[in-house]
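Chains as they are written, first to last, in our numbering: chain A, 1 to 298; chain B, 1 to 298.
Hints were generated in silico from the structure; no laboratory data involved. Just so it is clear, the structure is predicted and the values come from calculations on it, not from any experiment. Mixed in with the good hints, there may be bad ones.
Identical chains blur together in the list; that is why a pair holds if it fits in one copy or across any two.
[To be verified] Calculated pairs, SDA-like style, for lysine to any residue (alpha carbon to alpha carbon, straight line, at most 25 Å):
| hint | residue 1 | residue 2 |
| --- | --- | --- |
| 1 | 14 | 255 |
| 2 | 109 | 205 |
| 3 | 109 | 95 |
| 4 | 152 | 136 |
| 5 | 104 | 148 |
| 6 | 152 | 140 |
| 7 | 262 | 9 |
| 8 | 109 | 4 |
| 9 | 172 | 281 |
| 10 | 104 | 181 |
| 11 | 152 | 112 |
| 12 | 104 | 174 |
| 13 | 172 | 114 |
| 14 | 152 | 228 |
| 15 | 172 | 282 |
| 16 | 172 | 33 |
| 17 | 152 | 100 |
| 18 | 152 | 40 |
| 19 | 51 | 27 |
| 20 | 109 | 178 |
| 21 | 152 | 23 |
Protein chains: 2
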Amino acid sequence: MTDHTESDFLTWAKTKQLRIEEVLDEALPPDDQEPQQLHSAMRYSALGGGKRVRALLCYAAAELCNTEIEIADAAAAAVELIHAYSLVHDDMPCMDDDDLRRGKPSCHKQYDDATALLVGDALQSLAFDVLSTPQLCANANQQISMLNILAKAAGSTGMAGGQAIDLSSVGKALTQHELEDMHQLKTGALIQAAALLGAANGSLAQISAVHVYAENIGLAFQVIDDILDTEADTVTLGKTAGKDADSNKPTYVTILGLDVAKRLANQLHETAIGALAPFGDQALRLRQLASFITQRSF
Amino acid sequence: MTDHTESDFLTWAKTKQLRIEEVLDEALPPDDQEPQQLHSAMRYSALGGGKRVRALLCYAAAELCNTEIEIADAAAAAVELIHAYSLVHDDMPCMDDDDLRRGKPSCHKQYDDATALLVGDALQSLAFDVLSTPQLCANANQQISMLNILAKAAGSTGMAGGQAIDLSSVGKALTQHELEDMHQLKTGALIQAAALLGAANGSLAQISAVHVYAENIGLAFQVIDDILDTEADTVTLGKTAGKDADSNKPTYVTILGLDVAKRLANQLHETAIGALAPFGDQALRLRQLASFITQRSF
């Protein structure tokens, strides 16, 4: 019988968090390999941090869709590498200018701006390197499709595009719709990619459900982020709290108010869960993960 | 009968330069697509500039190896996009801090630092997007191999790694060997990738010859760059001349002196040409291109 308890989920999540850490450790060049400082800074930025939500989404979707674990490993690593690169570049002085990341000095503070720039660049390349490992998938066309999904999720009509809109929105009054569009690109695109890549072996119905699930969880994730950013203090959050509101960036909380933002997060959560209804216990991890994401207080 | 004249080569090169411009124009999102400023800045940085040496190498290797023109187009575009992203990031204040590129304001001068950062990031994603176009190659495994070559050429053990070594070498006395290692990564890796991707359909002997050719031409290219940087004035070069020597970066000219550097360029050229000997007129464009690269005075 399947164990539906929270403690069972946390054990599963912990196992996968350790697993992705090992996969990334293996994928990143050792820090005694030239250029040593670059490799050391890449490891500093990509290892040992965060909840690995994107990797967990990838693994959970892989469990629904019976995607081989080696494929899920590579996909999860690729997505986490793209995420890590984006954090390094976002923290730079010309972007958000943030000194703290996951409770440690951000990459450009620990090293320098030039290194941080190259770290982000090289982490992005490494993501595509990992996902283009020869013979990863029995079906090579499937692997090409995965690479294409990742490239589009990262690019100017995905994550990088969302960043650009975010930057240009500072000091502007956005509508909820415009804010959603921005987040759909900035964080949503990569979260969707994480789940879709994990769903590589799924049926049409499964992939379509994962798509709806990921779209809604991606937005919920951002709404929660804005709520946490308002409520949490810097120590709990591991990054500078209240930063977005301080820098006059529109957030769900500033647009909707705290209560409506919380209700929205719950709605998005329910829609995400609803999409998984046909799949019973095979979607257990995705379902638990949705609760985990929308209830996090870390 | 094959036409071996310089004017015939220049006509071929012009045709391919126009062709890659069209391929890139098609691959880059239009600048009326959101986020408009990002797309406009991507087009500003990737279109209308340079001799497209990497694309020419790709097309010339494709002619030797009978690689389909659609594959050569995608490969050439991907390599040029990686090259364009690297120039945008290199010019940024935290790197080389260069205000001029190809005779125009560099991206961060024309727009701003944050935009330049995102332009580079998004151009890199676009390179992998273009090369992962579904059904590009009849042999999907070959396409995955091409993606893997590009990812490694761009990453921390390729171009980005070379950049890191270059940055850390400012003010240091490098040996010729160390300088070669640095350039082999910084410019050589992508130049090799350009030729190798073009050679995708080649025989073992052809691919191996292209490898030797590209390795030597890549180094020759850099030696010539250093010579031009010493000799040319800013207007002819389209970028700030004497910049590397001014910033106390080791160059072939500072290490070897001008005459020995010129002799080295000729040697590398001869070795490159020598590798093509077995292939007669089918290697004509690669051979002409080698002369073009080592004799350029633009």
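Each hint, compared with the structure:
1. 14 <-> 255: neither (35 Å within a copy, 54 Å between copies)
2. 109 <-> 205: This pair counts as neither: shortest intra-copy Cα distance 46 Å, inter-copy 49 Å.
3. 109 <-> 95: both (14 Å within a copy, 16 Å between copies)
4. 152 <-> 136: This pair counts as both: shortest intra-copy Cα distance 20 Å, inter-copy 16 Å.
5. 104 <-> 148: Neither way: residue 104 and residue 148 sit 33 Å apart in one copy and 33 Å across, limit 25 Å.
6. 152 <-> 140: both (19 Å within a copy, 19 Å between copies)
7. 262 <-> 9: within (24 Å within a copy, 66 Å between copies)
8. 109 <-> 4: neither (43 Å within a copy, 56 Å between copies)
9. 172 <-> 281: For residue 172 and residue 281, the Cα distance exceeds 25 Å both inside one copy (45 Å) and across copies (62 Å).
10. 104 <-> 181: For residue 104 and residue 181, the Cα distance exceeds 25 Å both inside one copy (31 Å) and across copies (34 Å).
11. 152 <-> 112: between (29 Å within a copy, 24 Å between copies)
12. 104 <-> 174: Classified as neither; 32 Å inside a copy, 34 Å across copies.
13. 172 <-> 114: Classified as between: cross-chain Cα gap 18 Å, same-chain 31 Å, threshold 25 Å.
14. 152 <-> 228: neither (29 Å within a copy, 38 Å between copies)
15. 172 <-> 282: Neither. Shortest intra-copy (44 Å) and inter-copy (59 Å) distances fail the 25 Å Cα cut-off.
16. 172 <-> 33: Between copies only: 20 Å across, 46 Å inside.
17. 152 <-> 100: For residue 152 and residue 100, neither the intra-copy (29 Å) nor the inter-copy (30 Å) Cα distance is at most 25 Å.
18. 152 <-> 40: Answer is between: at 18 Å across copies they meet the 25 Å cutoff, but 28 Å inside does not.
19. 51 <-> 27: within (19 Å within a copy, 35 Å between copies)
20. 109 <-> 178: neither (33 Å within a copy, 29 Å between copies)
21. 152 <-> 23: Both ways: residue 152 and residue 23 sit 23 Å apart in one copy and 18 Å across, limit 25 Å.
The structure does not agree with the numbered hints 1, 2, 5, 8, 9, 10, 12, 14, 15, 17 and 20 stated previously, though it agrees with the rest.
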